[in-house]
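Colleague: For reference, the chains in residue letters:
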Amino acid sequence: MTATTATSPPRTRTSLRGRVSDLLASRPKLLALVLVLPPLLWLGLVYIGSLLALLLQSFYSIDEFTGLVVPEFGLSSYRELLAPANMDIIVRTVTMAALVTLASGVLAFPIAYYAARYAKGRTKAAFYLLIMLPLWSSYLVRVYAWKLILAKEGVLTWAAEETGTLPLLDGILGLPVIGGPSLSVSYIGTFIVFVYLWIPYMILPIQAALERVPRSYLEASADLGARPAETFRTVVLPLAMPGVVAGSIFTFSLTLGDYIAPQIVGPSTYFLGQVVYVQQGTAGNIPLAAAFSVVPIAIMAVYLTVAKRMGAFDAL
Amino acid sequence: MRRTSRLTASVAVAALVTSQVAMAQEAQKEIGAGEGEVAIVAWAGYIERGETDKAYDWVTDFEKNTGCKVTVKTAGTSDEMVALMNEGGFDLVTASGDASLRLIAGKTVQPINTDLIPSWSKVDDRLKTAPWHTVNDVHYGVPYQWGANVLMYNTEAFKEAPTSWNVVFEETTLSDGKSNKGRVQAFDGPIYIADAALYLMTHQPDLGIKDPYELNADQYKAALDLLRQQRKIVHRYWHDAFVQIDDFTNEGVVASSSWPFQVNLLKSQTKPIASVVPKEGATGWADTTMMHADAPHPNCAYMWMEHSLNPKLQGDLAAWFGSVPANLEACKGNELLGDEGCKTNGLDNFDKIHFWRTPVAKCASQEAGCVPYYKWVTDYIAVIGGR
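Listed in order, the protein sequences are those of chains A and B. In terms of the numbering used here, the first sequence opens at residue 1 and continues consecutively. In terms of the numbering used here, the second sequence opens at residue 317 and continues consecutively.
What the hints contain is simulated information worked out from the structure, not anything from laboratory work. These numbers come from a predicted model, not from an experiment. For every residue, glycine included, the Cβ atom is placed at its ideal position computed from N, Cα and C. Accuracy of the hints is not assured; some may be wrong.
Some chain B residues close to chain A (C-beta under 7 Å, calculated; not the full set) [said to hold, decoys possible]:
#1 Ser495
#2 His551
#3 Tyr553
#4 His555
#5 Tyr690
#6 Ile697
#7 Ala698
#8 Arg703
Covered stretches of chain A (chain B as the covering partner; in silico rule of three or more C-beta atoms under 8 Å from a C-beta of chain B) [what the hints assert, rightly or not]:
#9 179-190
#10 262-272
Listed below are the simulated DSSO-like cross-link pairs for lysine-lysine, each with C-alpha atoms no more than 30 Å apart in a straight line [to be verified]:
#11 Lys648(B) / Lys438(B)
#12 Lys152(A) / Lys583(B)
#13 Lys308(A) / Lys29(A)
#14 Lys152(A) / Lys438(B)
#15 Lys587(B) / Lys537(B)
#16 Lys444(B) / Lys497(B)
#17 Lys423(B) / Lys497(B)
#18 Lys152(A) / Lys494(B)
#19 Lys628(B) / Lys648(B)
#20 Lys152(A) / Lys475(B)
#21 Lys444(B) / Lys678(B)
#22 Lys497(B) / Lys475(B)
#23 Lys444(B) / Lys423(B)
#24 Lys370(B) / Lys389(B)
#25 Lys152(A) / Lys497(B)
#26 Lys152(A) / Lys385(B)
#27 Lys628(B) / Lys385(B)
#28 Lys423(B) / Lys438(B)
Produce the complete structure using the sequences and hints provided.
Modeller: Rendered as structure tokens:
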């Protein structure tokens, strides 16, 4: 029965539903387009559209006298971006993002390596749980908790007092630029909090990449006489690199855009996200805010291009 | 490009003229039956219905008595309030001094007929014709609450109450024998430049500052220089009231500009904290309940404005927010506020306070014009960044 229906020539249908169905079946590309259209519209209008609107705003300027936005094209907001105080903010944010990424990579790799190569069964489940657990609680709660831990009269200072390492802590806080009156109002504090916040996003991609390195490769490498360090350097690391780069995209971009953590822990100096927030929110200087938000977009565009070259997206 | 902009400009001017003619709005003459609803834009904590703390509820009874269901949209900044009101659909807004004049100038709010509000007579005389809601003798709202940015200090570090803001602006040795460096805070908002200007009014009279919100280029530069000096001794620029409370508890911070809210909260935890308005005076805020030009529920809005002045609400709110009531009857016999509450929250400081206003380029006291607010923002960010 079924065989005869399948082999019989297609009948011309008269109902609308039938015709639409035939049309879609005969043209798979059209079907794909229909399916993809709603998300494409969403992306195009809501996402790209708002980005373009933002870009457009950044070419406007603010009238020096009235403080109103002048909708005429010009580069004055970008010129303002080059002012020393604003360059400071960009350099500060990018440096922080780079350092946080570097530290996360160094800390995450051994953890991911253990989770991928040694943890089995229950231990592995526990590992996943431990890595994900912080993400279950509110971001704000965790940042405030760190503020208490890092406070002048907090746990860390207390521990330093008890162990007699207070001079060491004071020495670290006495360092120029990164030091301050206490850990919670220094760049060191902001750095620690950022690393804590984003490290899960680094561990998971590295672990995924490491799990795809076949054990036989390592054995072959050992059989051919490579010492463990050599195997790590020439086999494991290159194969895990896409994972590291993928993780770094998260840690880098998340640090670049965060505007809450540096407000709670840190020396009160502004990061990119905060400036955008303040400029558009309280100052009404939307052109400058837009110009500022173009900065991370540009940085991330470069970053992603480099990351793609390094095969980061193969590991996702 | 040029042609287009001129066209746009003329269209804008035309629109402005027509709207001015159209919007020469008159205040309502009488209150009809309630519409069953009133929508209010308010600061967080300003309109409580007992959901945060059962004892603080000034909405439920109003709804029962008038049948007007109250919906509240909270806003975090004055700009947000202005934006929400421009969007429309709301009846009332609890606008601070910086937003209120913008709303009046933008014709977003309508004049108020004070005859329809019996409690108007009970409003503190000092607030009745305050310039932030009265323009050309027309009232555009009902005063709600006000407060000062006080100098909060730790009584262990200060044996005697500080008399001047210099303890947060200049490096000195405090009475506990240690320097104030790294132990004081400043507010993390560009409006804090006004606090510096206020300090300079007393300490550098040659600058001729008449109003801390109306600064010419030289006065403004002097204020920024003072703030750059201050940057070296500041522990943190505070932004979040609870972070500041924590800093006074766990970080060894001993002095800062602050709100009565933090002072009351720390005192209630029996911390060695007190506050003062120093001899230079202080900056502060005063909020007004204003009515939208196209309020969808004008009758309920009038009923709320009347309700907003009743002593019970005013006292409860003052206790909750650490502010001072607009109706001084609230200061006596309110259980939550206590008989000393108004004094604690700064009732007697009114004349020392320079109420918060948005600095604009066209200002009354400077012929050459003033430094506008957007400039304050950029420069204050630079100061905090150490420039």
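Colleague: Are the hints correct? Go through all of them and say.
Modeller: Verification of the supplied hints:
A least Cβ separation of about 11 Å between Ser495(B) and chain A goes past the 7 Å threshold, and the interface hint is therefore violated. Because the smallest distance between the Cβ of His551(B) and any Cβ of chain A comes to about 5 Å, under 7 Å, the interface hint for this residue holds. A cut of 7 Å between beta carbons decides the hint on Tyr553(B): the least distance to chain A is about 4 Å, and the hint holds. Restraint check, His555(B) versus chain A: the minimum CB separation of about 6 Å is within 7 Å; hint holds.
At a threshold of 7 Å, the smallest CB-CB gap from Tyr690(B) to chain A is about 5 Å, leaving the interface hint in force. Using the Cβ-Cβ criterion of 7 Å, the hint placing Ile697(B) at the interface with chain A is satisfied: the shortest such distance is roughly 5 Å. A cut of 7 Å between beta carbons decides the hint on Ala698(B): the least distance to chain A is about 3 Å, and the hint holds. With its C-beta approaching chain A no nearer than about 4 Å, Arg703(B) sits inside the 7 Å limit, and its interface hint holds.
Check result for the segment 179-190 of chain A against chain B: holds, 5 residues qualifying (beta carbon to beta carbon below 8 Å, three or more required). Given as covered by chain B, the segment 262-272 of chain A passes the check, having 6 residues with a CB less than 8 Å from a CB of that chain where 3 are the minimum. With a C-alpha separation of about 14 Å, the suggested pair Lys648(B) and Lys438(B) falls inside the 30 Å cut-off, and the hint holds. With a C-alpha separation of about 21 Å, the suggested pairing of Lys152(A) with Lys583(B) holds against the 30 Å cut-off.
Proposed proximity of Lys308(A) and Lys29(A) is supported: the alpha carbons are some 28 Å apart, at most 30 Å. Of the pairs offered as hints, the one joining Lys152(A) and Lys438(B) is violated, with about 48 Å between alpha carbons and a cut-off of 30 Å exceeded. Restraint check for Lys587(B) and Lys537(B): the C-alpha separation of about 38 Å exceeds 30 Å, so the hint is violated. For the proposed pair Lys444(B) and Lys497(B), the alpha carbon gap of about 43 Å is over 30 Å, so the pair is violated.
Proximity of Lys423(B) to Lys497(B) is assessed by CA-CA distance (about 47 Å); at most 30 Å being required, the pair is judged violated. For the given pair, Lys152(A) sits about 16 Å from Lys494(B) by alpha-carbon distance, which is consistent with the 30 Å threshold. Simply put, Lys628(B) and Lys648(B) have alpha-carbon atoms about 10 Å apart, close enough for the 30 Å limit, and the pair holds. Taking the CA atoms of Lys152(A) and Lys475(B), the gap is near 23 Å; set against the 30 Å cutoff, the hint holds.
Restraint check: the Cα-Cα separation between Lys444(B) and Lys678(B) comes to about 26 Å, which is no more than 30 Å; the hinted pair holds. A threshold of 30 Å between alpha carbons decides the hint, and for Lys497(B) with Lys475(B) the separation of about 18 Å falls inside it, so the pair holds. Of the pairs offered as hints, the one joining Lys444(B) and Lys423(B) holds, with about 21 Å between alpha carbons and a cut-off of 30 Å not exceeded. With a C-alpha separation of about 20 Å, the suggested pair Lys370(B) and Lys389(B) falls inside the 30 Å cut-off, and the hint holds.
Between Lys152(A) and Lys497(B) the CA atoms are separated by roughly 14 Å; this keeps the pair inside 30 Å, and the hint holds. The straight-line distance between the Cα atoms of Lys152(A) and Lys385(B) is roughly 48 Å, outside the 30 Å bound, and the hint therefore fails. Restraint check: the Cα-Cα separation between Lys628(B) and Lys385(B) comes to about 19 Å, which is no more than 30 Å; the hinted pair holds. At most 30 Å may separate the alpha-carbon atoms for a hinted pair to count; Lys423(B) and Lys438(B) meet this at roughly 27 Å.
Comparing the model with each numbered hint stated earlier shows that hints 1, 14, 15, 16, 17, 26 do not hold.
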